[in-house]
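*Asks:* Chain residues, written in single-letter form:
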Amino acid sequence: MSAATQTAAPAAQSRFLYVLRLADASLILAQRLGELVGHGPALEEDLGLANVGLDLLGQARLLLTYAGEIEGKGRDEDALAFLREHRDFLNPILVEQPNGDFGQTLVRQFLIDAWQLELYERLTQSTDARLAEVAAKAVKETRYHLRYSSSWVVRLGDGTQESHDRVQQALDQLWPYTRELFDADEIDNEMIRAGIAPDFSAVRQGWDATVNAVLAEATLQRPADKPYLWYGKRGDHSEHLGRLLAEMQYMQRTYPGASW
Amino acid sequence: MDVSTAKDPILMRARIECRVWEVLQRVPDPEIPVLSIADLGIVRYARLDDEGVVQVGLSPTYSGCPATAVIRESVIAALRKAGFERLSVQDVLSPAWTSDWITAEGRRKLREYGIAPPAESVSSVREIWRPAPAVECPRCGSHDTEKISEFGSTPCKAHYRCTRCLEPFDYFKCH
Numbered sequence: 044m045s046a047a048t049q050t051a052a053p054a055a056q057s058r059f060l061y062v063l064r065l066a067d068a069s070l071i072l073a074q075r076l077g078e079l080v081g082h083g084p085a086l087e088e089d090l091g092l093a094n095v096g097l098d099l100l101g102q103a104r105l106l107l108t109y110a111g112e113i114e115g116k117g118r119d120e121d122a123l124a125f126l127r128e129h130r131d132f133l134n135p136i137l138v139e140q141p142n143g144d145f146g147q148t149l150v151r152q153f154l155i156d157a158w159q160l161e162l163y164e165r166l167t168q169s170t171d172a173r174l175a176e177v178a179a180k181a182v183k184e185t186r187y188h189l190r191y192s193s194s195w196v197v198r199l200g201d202g203t204q205e206s207h208d209r210v211q212q213a214l215d216q217l218w219p220y221t222r223e224l225f226d227a228d229e230i231d232n233e234m235i236r237a238g239i240a241p242d243f244s245a246v247r248q249g250w251d252a253t254v255n256a257v258l259a260e261a262t263l264q265r266p267a268d269k270p271y272l273w274y275g276k277r278g279d280h281s282e283h284l285g286r287l288l289a290e291m292q293y294m295q296r297t298y299p300g301a302s303w
Numbered sequence: 010m011d012v013s014t015a016k017d018p019i020l021m022r023a024r025i026e027c028r029v030w031e032v033l034q035r036v037p038d039p040e041i042p043v044l045s046i047a048d049l050g051i052v053r054y055a056r057l058d059d060e061g062v063v064q065v066g067l068s069p070t071y072s073g074c075p076a077t078a079v080i081r082e083s084v085i086a087a088l089r090k091a092g093f094e095r096l097s098v099q100d101v102l103s104p105a106w107t108s109d110w111i112t113a114e115g116r117r118k119l120r121e122y123g124i125a126p127p128a129e130s131v132s133s134v135r136e137i138w139r140p141a142p143a144v145e146c147p148r149c150g151s152h153d154t155e156k157i158s159e160f161g162s163t164p165c166k167a168h169y170r171c172t173r174c175l176e177p178f179d180y181f182k183c184h
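Protein chains in written order, with this note's numbering: chain U, 44 to 303; chain P, 10 to 184.
Think of the hints as simulated: they come from the structure by calculation, not from any bench.
Pairs of lysine to aspartate or glutamate residues, derived as EDC-like cross-links and limited to a Cα-Cα distance of at most 20 Å, are as follows:
1. P:Lys182 - U:Glu87
2. P:Lys156 - U:Asp89
3. P:Lys182 - U:Glu88
4. U:Lys183 - P:Asp100
5. P:Lys156 - U:Glu87
Listed next, the stretches of chain P that the computed footprint assigns to chain U, with coverage defined by at least 3 CB atoms under 8 Å from CB atoms of chain U:
6. 70 to 78
7. 159 to 165
Quantities reported herein were computed from a predicted structural model and do not represent experimental measurements.
Glycine is no exception: its CB is placed at the ideal position from the N, C-alpha and C atoms.
If we strip away everything but chain P, and leave its shape as in the complex, we get:
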């Protein structure tokens, strides 16, 4: 993977970086395995530096999310398996991850899996006591839902209930 001696170094680098992205797109989130870490929007960059080292930047979703360490290990394992030996994985705190970075594909997968995706874009304004947005039930599509708990099974989720089909469900918080 020596880019400098390649006939067309720019093209060569682009190809390698594309392959890295392809690998990352298949690394599942350990807590929501239908989502890949790329769907979740936590891969900040994936590039080949001048020394031929693959550099991957990951943003943690929540400061204390226990999945962060697992994701890091999964990324290293997946890239090794794909033949990338020289790797460096960095935590990128800033800019802070936001649920706005979940891709359209990621939102679709969440809904199909039974988790309501974030109901609105995260505004930068400081609003503590704004009314909660209407959350759509991932099972029947009704907006007649109510919050059971602000927190759920993982740091990124809250707990809701549909008052039409009566099913409880997880809601991915706006963050």
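Extracted from the complex, chain U is given alone in its bound form:
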């Protein structure tokens, strides 16, 4: 983020999309975790996942509000959350994947927590002061989330043969979706050049270090990287997002403008 790289002022539209990507990652994961309220495998984990979801929802609200301000068309956090079509959601595909069993929920959480930690830590240095503020708040919460999810990945991976196999299976299944977290497209690159977004390769390095350390302790195998083409951050989603939105947006679509 040297002075020379800050000269190119990015278009407001790109900035809007970039902030929306960050917001949607938190929003959709929060909605997924919300599905588990009252259905967690034990009361403590029910509370834990709900609390993580609540933090993510809080981050999403701050980011959506900011995205709406950048866009300047009068859309607030509610309009952006409840009145967009699924193609307009820009979350990574990983966060919309179903909860599956507890192992799958926790592996998904761990992979995202490790990413958000690296991301938010660097975003605290963003040239975008508002993003830096939100990140400074979020990074503390994310650190706590990662402590929780990584301890479960270790416990399950290094647990019984059954828990080990199921967590390994979840990891194999979710791994391909991690790729888009580190592939910068033209919008990301524009943000990186402006010093708004951090260098993606540095985020990747930090993520690799965390993931490798935790997987080693959990006696889990890191899956091989495979080519992957769908990018949720460009609006290409798996079949799961539509159903998630159907539930999340149900009230506003049935009773537009309803409030209490």
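With the hints as your guide, set chain P onto chain U.
*Replies:* Okay, now just chain P, sitting in the frame of chain U:
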């Protein structure tokens, strides 16, 4: 409350700001009502601007804490009741609130209420897998306690149990 026409504007302003603080010191936290928002350390500033508007800055504890909106409304209601009509309440995200800002008085009140206050100061270093600090049981004072859950009834708390007096209790997380 026109400061500009007062005989001693600086003194007048200081007096008004003191009164604002006194009001804020009595606004309870909705989730832990024994604590005031001042004890919790979430009031960033309370001042009178040149237009005679009372400006209050509040830091949310957690991004998604549902109490944030309630606190904001309580602050406005309490100041109105105290005769302050022109108000502006702002959210202050940066610097982010930390449990280090809970006052000594706040820590005492928490303990008396049955919630263990944060066991250590929040370090700025990045430590994910550090050993958990020893938490003191707010009922019997024993340090023989164990964590039941990293999360509790509100975003700011975890759940512990005392292995000496066997009572479960809430612990205010280091944040």
